Amino acid sequence: MPHRQSLSALNRMLATGGISSTEITTHFLDRIEQNQQLNAFVSVDREQTLAHAQQADHSRRNERNSNLRGLPVALKDIFCTQDLLTSCGSRILSNFVSPYDATVVEHLDKDGFIVLGKTNMDEFAMGSSNESSYFGPVLNPWNTARVPGGSSGGSAAAVSARLAPAAIGTDTGGSIRQPAAFCGLTGLKPSYGRISRYGMVAYASSLDQAGPITQSAEDAALLLQTMAGFDSRDSTSLDTAVPDYLSALNTGLENVRLGIPKEFLDPSIDAEVLSAIETALEEFEKLGAKLVDIELPNSSAGIAAYYVIAPAEASSNLSKFDGVRYGHRTAEFSDLLDMYEKSRAEGFGDEVKRRILIGTYALSAGYYDAYYLKAQKVRRIIANDFSQAFKQCDLIAGPTTPSTAFPLGENLDDPVSMYLNDVFTVPVNLAGLPAISLPVGFDQSGLPIGLQLIGPYLKEANILSAAHSYQKVTDWHQRIPGDYE
Amino acid sequence: MSISKSDVERVARLARIGIEPHEAERYSIDLSNILTLVEQMNKIDTEGIQPMAHPQDIQLRLRDDEVKEVNKRDQFQAIAPAVKQGLYLVPKVLD
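Chains A and B are the protein sequences, given in the same order.
Numbered according to the working numbering, the first sequence terminates at residue 485, and the numbering increases by one at each position without gaps.
Numbered according to the working numbering, the second sequence terminates at residue 95, and the numbering increases by one at each position without gaps.
Chain B with its partners taken away, still in its complex shape:
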């Protein structure tokens, strides 16, 4: 199956990656080639097979509900691009 330029633009929007029109062209070729490779798996009969999400067929553990972590806000915000009064700054979302 091939991926068109408009497919690439749609997926890039979903993935929040800005792409230029000439890049969309190139990605549509690359991604179509990758899909051709991927479609080799259609040769395998998977009728009645349970999907495998993970190498371990075990249940996730539960942990005791106790406080272990300390508040490291200052440390975390020291590496942020923009903060003010302990808050992360982003462009205005609501008017």
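Chain A extracted, bound-state conformation:
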């Protein structure tokens, strides 16, 4: 059955002619239809998607270089697509069809990937549980009373339940890695600037980065290869060569120094998570890695700085949703100001409003220095801590999250406790570094546990090869939730 195969395995099957893209795509579209209770997808166009798959099969017969052609992936609903709605989990964009494609979408299309559909997400990528979506919460396939994590919750649930062999997400403070950890998947946040942000609805522009959510590091390497590269339409896109990530996968772990920050093995985190991380680190040692104690003394202030910087940037980015040129406009209004205020009040959900308000406050006259400037200085100190640490080690390892997936509704009334979920992921975004989450075990109730590997700037290849070495000798990443086998 195609859904038991990784993206890389499906690619090999397509190459040998053992299966067609139409067969694979039909199978996944059927699974999406049969599993709507998870609420993982917000837009699917079966006919159009099948037409693309048939086109891919046709091209494959007539092309010499057809590697990757016809592989299906799911796409977070934050990427602009001309063919499907781009709602970003929000009422204000619930009728928005983009007049252009995001660069990521162009890259996927150029390499022959088929988009299976757009996945559910926290509204404007603001959330850690996928409960802030206008289209309702996504359920975790491992236990449907639990959240899948967020904000790329639909993407993670889709891959976890094998409704798609892989998915694309975005990560501003942990939105790829945390849902990957909660759903037993491999999730890569590349370095800031590695993948173009053009056509990706902006939340916090100095932190946002797209990346793959997959079944393995090998699949992540395959998708990163397609997604990465310079784009003149994104002023922060890096004009540096993209390495061959797949051929770097087998570099191995011999003499790789893994830095273990004592701040990340805090006794306040879940004991079962801690124990799974320790067991995984022993496995890394057996594979040749050397564990080194390091310090990231200011990392705990990451959440504080993040919740100034991200809302400040969001308040500015989201000012364009005003009901004038596109998106939701209120039905009745007395004047222009009234139209703005009502359209935005109706169009945005609670969490988005909170972040716009806190961001506006932090940027307003009299508070700018105390909040925004202070947060930017703390950001520099956190980035400097990482630079210092990387003098002693090659990669940094620790838990992705302080706990496994929490129950739906648990943190809904308490935004601050929700924010604390991202304590280990946020510092990485502040510094702009690449990091991956990979599955390393389960807790007693059967919920997956994720380990995070952080690398120096642009060292995605090293992270992927370390994760791949571990996945060659373990099978946590191949586990499928019982109801979806």
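Keep in mind that the hints were calculated from the coordinates and are not lab data.
All values reported here derive from a predicted model rather than from experimental measurement.
Heads up, a few of these hints could be off.
Claimed, not checked - Listed below are the simulated DSS-like cross-link pairs for lysine-lysine, each with C-alpha atoms no more than 25 Å apart in a straight line:
1. A:Lys-320 <-> B:Lys-72
2. A:Lys-262 <-> B:Lys-43
3. B:Lys-84 <-> B:Lys-72
4. A:Lys-286 <-> A:Lys-262
5. A:Lys-472 <-> A:Lys-459
6. A:Lys-262 <-> A:Lys-391
7. A:Lys-459 <-> A:Lys-290
8. A:Lys-290 <-> A:Lys-262
9. A:Lys-459 <-> A:Lys-391
10. A:Lys-320 <-> B:Lys-92
11. B:Lys-84 <-> A:Lys-320
12. B:Lys-68 <-> A:Lys-320
13. A:Lys-262 <-> A:Lys-459
14. A:Lys-286 <-> A:Lys-459
15. A:Lys-290 <-> A:Lys-472
16. A:Lys-110 <-> B:Lys-43
17. A:Lys-320 <-> A:Lys-472
18. A:Lys-391 <-> A:Lys-286
19. A:Lys-110 <-> B:Lys-72
20. A:Lys-286 <-> A:Lys-472
As the list claims (entries may be wrong) - Negatives, chain A to chain B, calculated, CB over 12 Å:
21. Thr-22
22. Gln-54
23. Lys-286
Positions of the beta carbon are idealized from the N, C-alpha and C atoms, including for glycine.
Starting from the known structure of chain A, fit chain B onto it as the hints suggest.
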């Protein structure tokens, strides 16, 4: 630091988000809690530290001044809430 109801109303006006009086009450509690979290950063000594706006310490690129984009007005306006004769319609601003 706590944010009062009137602070919330002022900020909501700046952000052009209409809020009801009972919402202002709730937001003042939520936002005050968030500020308490945020103020943990005051424990860190940032004397003499340059603010970091961005992960890359590089200069913005300049591009050649050439025409690349084509006029897509019709396409853009096809998704607008209200247009007339190629113009976006909004309530009257000046009498």
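Cross-check of the supplied hints:
1. Proximity of Lys-320 of chain A to Lys-72 of chain B is assessed by CA-CA distance (about 19 Å); at most 25 Å being required, the pair is judged to hold.
2. The suggested pairing of Lys-262 of chain A with Lys-43 of chain B holds, with an alpha-carbon distance near 19 Å, which does not exceed 25 Å.
3. Between Lys-84 of chain B and Lys-72 of chain B the CA atoms are separated by roughly 16 Å; this keeps the pair inside 25 Å, and the hint holds.
4. Proximity of Lys-286 of chain A to Lys-262 of chain A is assessed by CA-CA distance (about 21 Å); at most 25 Å being required, the pair is judged to hold.
5. Distance restraint check for Lys-472 of chain A and Lys-459 of chain A: the Cα-Cα separation of roughly 20 Å lies within the 25 Å cut-off, and the hinted pair is therefore satisfied.
6. Distance restraint check for Lys-262 of chain A and Lys-391 of chain A: the Cα-Cα separation of roughly 16 Å lies within the 25 Å cut-off, and the hinted pair is therefore satisfied.
7. Between Lys-459 of chain A and Lys-290 of chain A the alpha-carbon distance is near 18 Å, which keeps this suggested pair within the 25 Å criterion.
8. For a cut-off of 25 Å, the pair hint linking Lys-290 of chain A to Lys-262 of chain A stands: about 16 Å separates their Cα positions.
9. Between Lys-459 of chain A and Lys-391 of chain A the alpha-carbon distance is near 14 Å, which keeps this suggested pair within the 25 Å criterion.
10. A threshold of 25 Å between alpha carbons decides the hint, and for Lys-320 of chain A with Lys-92 of chain B the separation of about 20 Å falls inside it, so the pair holds.
11. Distance hint between Lys-84 of chain B and Lys-320 of chain A is fulfilled; the C-alpha atoms sit about 21 Å from each other, no more than 25 Å.
12. A C-alpha spacing of about 24 Å is found between Lys-68 of chain B and Lys-320 of chain A, which places the hinted pair at or below 25 Å, so the restraint holds.
13. The hinted pair formed by Lys-262 of chain A and Lys-459 of chain A meets the criterion: a straight-line CA distance of about 23 Å does not exceed 25 Å.
14. The hinted pair formed by Lys-286 of chain A and Lys-459 of chain A meets the criterion: a straight-line CA distance of about 23 Å does not exceed 25 Å.
15. The hinted pair formed by Lys-290 of chain A and Lys-472 of chain A meets the criterion: a straight-line CA distance of about 18 Å does not exceed 25 Å.
16. A threshold of 25 Å between alpha carbons decides the hint, and for Lys-110 of chain A with Lys-43 of chain B the separation of about 49 Å lies outside it, so the pair is violated.
17. Taken as a hint, the Lys-320 of chain A and Lys-472 of chain A pair is broken in the structure, with Cα atoms around 47 Å apart against an allowance of 25 Å.
18. Between the alpha carbons of Lys-391 of chain A and Lys-286 of chain A the distance comes to roughly 23 Å, so the proposed pair stays at or under 25 Å and holds.
19. Distance check on the hinted pair: Lys-110 of chain A and Lys-72 of chain B sit about 23 Å apart at the alpha-carbon level, within 25 Å; holds.
20. About 13 Å separates the Cα atoms of Lys-286 of chain A and Lys-472 of chain A, which keeps this hinted pair within 25 Å; it holds.
21. Even its closest Cβ contact with chain B, about 31 Å, leaves Thr-22 of chain A beyond 12 Å, as expected for a residue assigned away from the interface.
22. Every CB of chain B is more than 12 Å from the CB of Gln-54 of chain A (nearest about 27 Å), matching its label as outside the interface.
23. With a cut of 12 Å on Cβ distances, Lys-286 of chain A stays outside the contact zone with chain B, its closest approach being about 34 Å.
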